[in-house]
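Protein chains in written order, with my numbering: chain A, 2 to 183; chain B, 2 to 183.
All clues given are correct.
Identical copies look the same in the list; a pair holds intra-copy or inter-copy alike.
Derived lysine to any residue pairs resembling SDA-like cross-links, with alpha carbons at most 20 angstroms apart:
1) K179 - H90
2) K170 - D78
3) K170 - R155
4) K170 - L80
5) K177 - G161
6) K177 - D81
7) K170 - N153
8) K177 - V77
9) K177 - G87
10) K177 - A85
11) K13 - Y47
12) K152 - K170
13) K179 - T82
14) K170 - P151
15) K152 - I167
16) K152 - G169
17) K170 - V77
18) K6 - A148
19) K13 - G161
These are calculated hints, taken from the structure and not from any lab test.
None of the values given here were measured: they were computed from a predicted structure.
2 protein chains.
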Amino acid sequence: MIRTKRSIAVSKTRQHLEPGPIVLISSAWKGKTNIMTLGWHGMIAYEQVITYIWDANHSFEMTRQSGECVINVPTVDMLDTVVAIGNCHGKRIDKFTKFDLTAAEAAEVNVPLIAECYASFECQLSDDSLIEERGLFIWDVVKAHVAPTPKNPRTIHYRGGGHFMIAGKAVDMRRKFKRGNL
Amino acid sequence: MIRTKRSIAVSKTRQHLEPGPIVLISSAWKGKTNIMTLGWHGMIAYEQVITYIWDANHSFEMTRQSGECVINVPTVDMLDTVVAIGNCHGKRIDKFTKFDLTAAEAAEVNVPLIAECYASFECQLSDDSLIEERGLFIWDVVKAHVAPTPKNPRTIHYRGGGHFMIAGKAVDMRRKFKRGNL
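Isolated chain A, as found in the complex (with noise of 0.2 angstroms):
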């Protein structure tokens, strides 16, 4: 399913991504597309993201030439393509039309949107010193696009070994936080 999303302050990235999700990296490089499952990430910053990506997936190359990616975030409907991603090489297959999924136009990159993620997040490479020795790349987040709804986002969350966690009920604890903390 397609979900229409908005643009946000890419400030508030930090509220899609802290959560942990398993995320879908898409990247673009000399014509071609390719997708990866992603759970090794992390906030460094309101608006940066740090990735590892192992050098023998085939987005490894594609987002260091290119300098570019989209960090898109899936929902559980969309687990079993999530698995199935994780579980197959880009360099034979194109990903987007394999899984039946939606090249959408990013307005800052040259990377296609997974139009069927609640929210996607358009990426520059913003430090590539730590990628060839560690496989870290340091993005700065340029566009945020996020769909309304739901408020509470079923996210998969990736335990290991086949195992997922699927975001539960959500919490707001406004009254218990300084104001100057929110």
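Assemble the complex: chain A is given as a structure, and chain B must be docked to it using the hints.
Chain B in isolation, oriented as in the chain A frame:
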């Protein structure tokens, strides 16, 4: 409630951190201890974790100077405590005492585990070269302790702005994985 934990292989750390829970970082330096809440972390190898720690946090200097920390994973029964820890500054108070948390002895580091958390990962600083410029600490996990139950811990995930997501149901997708990818 104190959780009785068992030692597990450090290579299984991802099972507990990759889903992206809020963690409590315990630290110790010059006879004092501290605890901070942290959501900005990521796996970067099977036995390595990266954390962003703001240099205004009391824990920044304590972990940098000692080169050690423990990453503890709380569950939803500790939600009030997690929020309260994030809302006070360790320079002025002893957080173990203030929040009635139990310091348990670690095996490999001179930092206490938080006995009430269901999982605790003893860490030694692996690389300090990104601390000064970026606030990024690269940690080797040197010992892992996890309570055998529950199998599906109700971890706490932060969405910013005082909003949390609590870990929901577990889904076993092993049958959909290629054997070598598990």
